[in-house]
Amino acid sequence: AQSVTQLGSHVSVSEGALVLLRCNYSSSVPPYLFWYVQYPNQGLQLLLKYTTGATLVKGINGFEAEFKKSETSFHLTKPSAHMSDAAEYFCAVSPMLSSGGYQKVTFGTGTKLQVIP
Amino acid sequence: EAGVTQFPSHSVIEKGQTVTLRCDPISGHDNLYWYRRVMGKEIKFLLHFVKESKQDESGMPNNRFLAERTGGTYSTLKVQPAELEDSGVYFCASSQDLNFQGRNFRETQYFGPGTRLLVL
Numbered sequence: 014a015q016s017v018t019q020l021g022s023h024v025s026v027s028e029g030a031l032v033l034l035r036c037n038y039s040s041s042v043p044p045y046l047f048w049y050v051q052y053p054n055q056g057l058q059l060l061l062k063y064t065t066g067a068t069l070v071k072g073i074n075g076f077e078a079e080f081k082k083s084e085t086s087f088h089l090t091k092p093s094a095h096m097s098d099a100a101e102y103f104c105a106v107s108p109m110l111s112s113g114g115y116q117k118v119t120f121g122t123g124t125k126l127q128v129i130p
Numbered sequence: 060e061a062g063v064t065q066f067p068s069h070s071v072i073e074k075g076q077t078v079t080l081r082c083d084p085i086s087g088h089d090n091l092y093w094y095r096r097v098m099g100k101e102i103k104f105l106l107h108f109v110k111e112s113k114q115d116e117s118g119m120p121n122n123r124f125l126a127e128r129t130g131g132t133y134s135t136l137k138v139q140p141a142e143l144e145d146s147g148v149y150f151c152a153s154s155q156d157l158n159f160q161g162r163n164f165r166e167t168q169y170f171g172p173g174t175r176l177l178v179l
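If you read the sequences in order, they're chains A and B.
In this note's numbering, each residue's number is its place in the first sequence (first place is 1) plus 13.
In this note's numbering, each residue's number is its place in the second sequence (first place is 1) plus 59.
Read the hints as simulated data drawn from the structure, not as lab findings.
Note that this is a predicted model, so its numbers are computed, not measured.
Note that beta-carbon positions come from the ideal geometry of N, C-alpha and C, so glycine has one too.
Please note that a few of the clues may not be correct.
[Claimed, not checked] A partial selection of chain A residues facing chain B, derived with a Cβ cut-off under 10 Å:
no., residue
1, Gly56
2, Leu57
3, Val118
[Stated by the list, open to error] Non-contacting residues of chain A with respect to chain B, defined by C-beta distances greater than 12 Å in every case (computed):
no., residue
4, Ser27
5, Glu28
6, Gln51
7, Gln58
8, Leu59
9, Gly66
10, Asn74
11, Phe76
12, Glu79
13, His88
14, Ser93
15, Ser97
16, Asp98
17, Gln127
18, Val128
19, Pro130
[As the list claims (entries may be wrong)] Okay, derived cross-link-like pairs now, BS3-like style, lysine-lysine, Cα gap no bigger than 25 Å in a straight line:
no., chain 1, residue 1, chain 2, residue 2
20, B, Lys110, A, Lys117
21, A, Lys117, B, Lys74
22, B, Lys103, A, Lys62
Same shape as in the complex, but just chain A (with noise of 0.2 Å):
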């Protein structure tokens, strides 16, 4: 089974400042761990995944995240807050299928990121 938690459901910043979303996951198999930004009246969209390989992920936007296995965590960041950074995030787990790639996903509650001008 796999689960996600997120830190904090509202997490503000000022505009500039390094953006730090935190996520831990639980998984009895190798996961693959994603984050998913859903900007105002838009849908999901993947901003990064880690499958195999390097642990630290770079996705769109500036955004990057890194995969602890000793900690379990894949903690989003981004060195400097923009103000079109607004929006809801969603770290995510998948668990690695026998035969290659992904399973449905779960996903942890979310975290709405403000960017304070």
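For chain A, the structure is supplied; the task is to place chain B on it using the hints.
Relative to chain A, chain B alone:
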């Protein structure tokens, strides 16, 4: 290339009525998924189609929900009769299966914009 589309974008109905949501996956994607986000909670998996077959429907909440994917293209999700607790955002996602060196590999899921359902 067009993404996953969903119709309608919003629906407001009364308790006891029927609503049908539609999802058009990305062309060529055999896998189609339905998810739901009830107010303030996490996005939860409902079911997964591979072409027209239901691969996994373990997340369907009860028998008031019926999903179909005739012909393996678009899918519909019918709620009949709707209850207040069915309110939320219904997301559809699709993915393709790739064959690489004889192994089947299921690719990333791409999500649609969602249908916002309000049951009064």
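Tested hints:
no., hint, verdict
1, Gly56, "4 Å, holds"
2, Leu57, "4 Å, holds"
3, Val118, "6 Å, holds"
4, Ser27, "26 Å, holds"
5, Glu28, "27 Å, holds"
6, Gln51, "8 Å, violated"
7, Gln58, "8 Å, violated"
8, Leu59, "6 Å, violated"
9, Gly66, "15 Å, holds"
10, Asn74, "17 Å, holds"
11, Phe76, "16 Å, holds"
12, Glu79, "19 Å, holds"
13, His88, "18 Å, holds"
14, Ser93, "27 Å, holds"
15, Ser97, "18 Å, holds"
16, Asp98, "19 Å, holds"
17, Gln127, "17 Å, holds"
18, Val128, "22 Å, holds"
19, Pro130, "27 Å, holds"
20, B:Lys110 - A:Lys117, "16 Å, holds"
21, A:Lys117 - B:Lys74, "30 Å, violated"
22, B:Lys103 - A:Lys62, "19 Å, holds"
In summary, the structure is inconsistent with hints 6, 7, 8, 21 from the numbered list given earlier, while agreeing with the others.
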